[in-house]
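Asker: Taken in order, these protein sequences are the chains called A and B. The letter at position 551 of the first sequence is residue 551 when you use my numbering, and the numbering goes up by one with no holes. When you read off a place in the second sequence, starting at 1, and then add 734, the result is the number in my numbering.
Think of the hints as simulated: they come from the structure by calculation, not from any bench. Quick caveat, the model's predicted, so the values are computed rather than measured. Virtual Cβ for every residue (Gly too), placed ideally from N, Cα, C. Treat the hints with care, as some may be off.
A partial selection of chain B residues facing chain A, derived with a Cβ cut-off under 8 Å [what the hints assert, rightly or not]: (1) 762; (2) 772; (3) 813; (4) 859; (5) 869.
Only part of the chain A face toward chain B is listed, based on derived beta-carbon distances under 8 Å [claimed, not checked]: (6) 203; (7) 390; (8) 695.
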Amino acid sequence: MAMKRRDFLKVSVGASGGLVVSLALPGCAGIQTGYQPETGEWRPDAWLELTPNDEVFFTLARVEMGQGTYTGLTTLIAEELEIKPERITPRFAPVAPEYRNPLYKLQLTGGSTSVATSWEPLRMAGAEARLMLVMAAARVWNLEAAECHASEGRVLHPNGIDSMAYGKLVELAAKEVVRGDIALKPREQWKYIGKQQGRLDARAKSTGTAVYGIDVELPDMVYGVIARSPRHGGRVAGFNGDEVRAMTGVLEVFETERGVAVVADKYWRARKAQEALNVGWDFSEALSVSTDDVFESYRTAADEDPGESERSEGSFERAVEGAERVLEAEYVQPYLAHATLEPMNATAWYRGDRMEVWAPTQAPDLGRIAVARVTDLGPDDVTINTTFLGGGFGRRLTQDYIEEAAAVAYRLRRPVKVIWSREEDTRHDLYRPAMLHRMRASLSGGELTGWHHQIVGPQILDWYVRNAAPAQYPWAPRFMYDTLGKVGLMAEGIATPKDMSAIEGGIEYPYQVDNIDIRHTHTDPGVPVTWWRSVGYSHNGFAVETFMDELAHESGEDPYQFRRRLVSSEPRHLEVLDRAAHLANWTAPAPQGRARGIALFRSFGTYVAQVVEAGIENGAIRVYKVACAVDCGQVVNPRIVEDQIEGGILFGLTAALYGEITLESGRVQQSNFHDYQLMRQYERPDVLVAIVDSTEAPTGVGEPGVPPVIPALGNALFALTGKRQRSLPLTADA
Amino acid sequence: MALRLTVNGVQHSLDVEGDTPLLWVIRDELGLKGTKFGCGAGLCGACTVHLNGQPVRSCSTPVEMAAGGQVQTIEGLGGGDQLHALQQAWIEQGVPQCGYCQSGQIMSAAHLLASNPAPSRDDIVAAMTGNLCRCGTYSRILAAVESVAAGSSNSQEV
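Isolated chain B, as found in the complex (with noise of 0.2 Å):
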């Protein structure tokens, strides 16, 4: 049975099987290989997506309980060649090493100032600790975030 998804704007009638994670579906059905796979059970964040404004681990999201819905991925976050205010603050800090875990970390993030511009740090610290970083990039996360946070008086500090 075809399946209805919009994903960044973009709307898809899939032929899945309904418990298939949706992790799978945006990686292997639609090309979309900036979610990433870590742990299939919601422990570390890397296949972090929103759907309907909201943020989900998809690899532990069956892809019919999504059905219907909207789905953004780190491909649709800027608008276009735009980079999101997030993306730009990532690479303005250097923040990540092998890269694994960021698109995640940036969807939650994401997510927060979606719902919470101006956070406190332990608001954001609250927000960012679904997300496992192996390489240990948890301070430079956490200076991009703070840089984009509104009324942040660093905003312009590399």
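Isolated chain A, as found in the complex (with noise of 0.2 Å):
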């Protein structure tokens, strides 16, 4: 065990009279924040509290946005704490430095990290408040805390008869000290963890009464909209806001940072003011590229800059110098927009000193960065309370929806909702960046002998520092946040040493080959990114993997049997690629007028493989079929891997179908459904998911399955036409 319980496990009696254990997490405590607990029966920094009503109250700190942290972070707690997890109250967590991602140093949940973190912390807490419990009982009876056991939230006595609710024995159990380490259940003993069980938010969320960001109803509230910039970077040169003023229900007409805004009464009137309104832009600093110019631009710099080495391993100049061929392929894939279901929206109401925001975000303490820097507040000034997420992807750890909304309710000085359109939505997103792959390999005598690797494009930190690194500096003063921005993560290395956004994927290629030249031309045409489900992992699988199998296709080889053969010694990657060929029954033909394609690729530490067969009907691409293994590590709940992993699926099929957005001069060309499309019920393919049984520590699932499934229908694709696609999104046609 990494962590010893003493490091971070606090015990407290709670307001309630109850037994609160909290969690402070190694490296915290110098952190200075201003932050008090808030007075009552809510402690903000408890991450379990148990009340004498015999409540149970757990605070979750990953947000859930559907990836399942709200069922199996508490079943974590749950299985400890020998409770059933459906008897355990998650709520959402206050900002707090001890709900903070120990990964990120930030309290924000991406990465699929939130089980591999909590993993044992959660176990821990559970485990202490369960010990405390029995021994309060033990005292009781006058026995010794071995003689007493818990079971579905109650202590029972050895006689077989007498039991106590865990309610009964909290204050008691407040005052007990555990001495020592405690050792987690065996694997064997689990009831809750890798057992099939429903999602603890499917009820609230098939009634309707789960709260999503855009649900918030605060008393007088008012809504705005804002109309920005058609080209990113525009500003505001003049705007007709007598006009607009005038109309029915309008209260505010006025300029913000990135556009005009304006609030009224009724959504709906404002919706009908902003058609009223006519901005005239300045477009001098404004975004003027064309998708065509980008790509362009990628290609030069590829050309003058061989960019920098991220991994090297014999040399790959000599392989090709003594190869019998050498392959080489350029592969194009667009910027992707994230489309969650629930548009952008925050609420904010402020009163004199302080700001409360409503949001449905992914990292709550970067929101209190943003409305400090739009108001004259402190970060401590502001309070961020979480909803549930209709959807993040990693687009919600941007926090530009709630610094607008904090500006609009600055000026307003009452509860304001501001609500995006989708059309909004999608050409406002910060995208997953377009980007450029060439790959050259060498090969003799059947064998691969050489890889090379140059991926070119931006990477994404240089976008996000501005948000988080105020945030490492709770002192700094605002007018301190841009140099920040410029230096704070990269001089601390606190939140992450190097950024990987742009080379993740492709420097962990895992094929046996001796002369390995990965590397990074860093370009950046200014066009604003960020993370997207599954982040570089989705387009290094694509340019990897489809390299491969044109390698395998060039060689002779079955493409199965090609990747078997140099991942021999990686027995996490040979199982899932014998398993997922062995559930798509590879060695079978496909069924007339269909192909299979395979891909094998990890991500997040966990390893994905998958087979698609798909055809060509009425001139569009179907997709039948997608077998899948996994080996995440230990599973929590079988269940949402199985949903996460067909979710991620789904994600990916979309963007090799559908997903492209492009500019023309500085404009974002897609808004909507019809022309950023998404998957629909009748497209769907079945999907079968292997979980590998395994005892290994868990890692992630909400994002391992996206990246995989590109290049798998890519290479069915190439299988059924022969015909090899390099760009996103495949057609039907190529």
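Got two chains here, separate frames each, mind docking them using the hints?
Answerer: Here you go:
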């Protein structure tokens, strides 16, 4: 065990008289936040609170955006606390240092890290509380603690008759002192971890009662919409404010950092007023590129700059000199929007010395920074209330929508909800970067002897430090934010010592090749970018696994066997590859008019292999089946793993079939689901997911389903048509 | 001018502009937040409600078109504290991920089963194709609808 219990668990008596278990993660003690626990029963720094009324509250420090933290993390607590998960009430965490993600030192949910980082601390918290309850019961019964045990929310007397509910014991238990370390339950005694269970949020989400950001309702609330520059970076030159202000229900029309805000008593009145608004834009500093320019600039950069070496083994140059054949290919991948079904929105209320925000955010402490940036408040004057998220996929790591709502609320001094239209959500997204990949490989005597991969495009942290850096320095005055944004994370090396966003999945190339040269040519055309479900793995997966397929074909070898031979010393890769091939019945011919493609890809520590069976029907690509094997270490909830992997597959297929954001002279061309399409029910393939039974530490599942399915589909289409597609989205008539 | 609307059996007299989409009347005037805004253009189905027994996209239905009509939303689908069989199936199958589209999905499925108690798989797919799910819960949705459909052999399967 990496962490000793005493390093991070704190136990205290709650205001309710109950038992409160808190975690103080190492490294957080020195951070000065000015943060004050609120009064009353609510203990903001508590992870677990048991009350005399037999309630159990668990503070969920990783947001619920569909990926299942609400259920999965609660299950970890429940297992050691010896209580059914459904008896525990999760509540969304406020901003506090205790809830930061230890990998990022920020309170954010992303990178498929929630279960991995919570696996030990949450079980420890549950175990400590259980032990204290057992000790308290033993004291009442005048027994040794070892004679009693806990089950289903009660401590049981060894006589087999008497028992006490946790609620009756919590006041006594809070006085118990646990010495030494606590042994966690061995795997074979688990009741909930690894077992089939429903989702704890399913009922609220099936009855319309789950509260998302857009559902927040406050007294005397008004509604804001913002007309933003159609080209990123454009500034307001003028607008017909008087005319719009005279419209029914309109309260305010004013310029903000990103455009012109219209506030009205009702949402629809704000929208109608926005339609009547004419904004003149100053585009002198605005984005002017078109998508074609972006790829041309990438090609120029790639020609001029071989890029920073990210991994080098042997000598690729020598491999090429001695090679029988050298293959080259260039892969082109577009900008992609997140398209969360709940559009961006936030609700804010400014009351003189404090701002309170309700928002569906993946990074609440960065939300406080966003508010501080546009007001004269400090981060400590800001309260962020996190709601359920109607999808995240990385979009809600950037707090621009909170910043806007805060700026409007600061002016209005009353509760205001700012809602983006779908068109605004699509056009003012921060995108998965468009990327160019240049691949070269050498073949000799039927062997792959050299691998060269040049990744060309921007990296994401350049776009994020502005948001994130001030959170590392809560004492810093606002005028320093821009400076911190430029040097903060880099200088301290705190959040990420190195930005992996462009190269992840490229540098972990798993195949046994003697000569490897992997490089990143950093070039940024100025189009806003951010994390997008599976991030760099999403584009590196397509490049690596498509080129591997090309090499297999050139070698005259079966693409499954080709990969298999080259990962023969990597048991976890090998196992998922074999299982996916078996599940898809790889060796049997595909049905008439269909073909199969395979891909193998590890991301976020999780091993995934997929076989896609596809065809072309009525001039359109049709995906019939996806067979998937996944090794994510110990499984907490098998059903959620299946769902996340299947959801990732559909997310990847949507990108492969439809995903493309294009720009024309700086303007995003797509706007709504007619021209930025998502897969629909009638396109749903049959998805089979096999999960490797593993005792390894758990790794994430929210993202790893995405990357391999894109090349697997492309490879299937090659097998079907004999034509190789090297750009996305894929087409039926290539 | 006051506009009359019956929502989940309760009659309302509303003072709203006639071109206001039914969605915003349901959500902001009546406070029923279960019906969601997704696209504003009838493309995603998150705002699906029943108007006089027919599924409509409330984001692109002006409230004046619903005047005098009967509207049913996700909140009125079950009977009081009772869940509709589809809601029960949604919970048992663990359908929702982010959950944002699910009210609309359930309303579409409820209309299907009300008009066709024993739909084929193709009928279900056709009826549900107008409802987008970004999380990719389509197979669980299909299984949940099939488990409720009349004559289903797997109605007890969880």
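Asker: Return the status of the interface hint for residue 203 of chain A: holds when the least beta-carbon distance to chain B is below 8 Å, violated otherwise.
Answerer: Where the cut-off is 8 Å and the nearest Cβ of chain B is about 5 Å from residue 203 of chain A, the hint holds.
Asker: Is the interface hint satisfied for residue 813 of chain B? The criterion is a beta-carbon contact with chain A at less than 8 Å.
Answerer: violated (13 Å)
Asker: Report holds or violated for the interface hint on residue 772 of chain B, using the least CB-CB distance to chain A and a cut-off of 8 Å.
Answerer: Hint holds; residue 772 of chain B Cβ to chain A Cβ min 5 Å, cut 8 Å.
Asker: Going by Cβ atoms only, is residue 762 of chain B closer than 8 Å to chain A?
Answerer: holds (6 Å)
Asker: Any CB of chain A closer than 8 Å to the CB of residue 859 of chain B?
Answerer: Because about 5 Å separates residue 859 of chain B from the closest Cβ in chain A, which is inside the 8 Å limit, the hint holds.
Asker: Less than 8 Å between beta-carbons is the criterion; does residue 695 of chain A satisfy it with respect to chain B?
Answerer: Violated - the Cβ of residue 695 of chain A stays beyond 8 Å from chain B, reaching only about 25 Å at its closest.
Asker: Holds or violated: is there a CB of chain A closer than 8 Å to the CB of residue 869 of chain B?
Answerer: holds (5 Å)
Asker: Return the status of the interface hint for residue 390 of chain A: holds when the least beta-carbon distance to chain B is below 8 Å, violated otherwise.
Answerer: Result: holds, 3 Å to nearest chain B Cβ.
The structure does not agree with the numbered hints 3, 8 stated previously, though it agrees with the rest.
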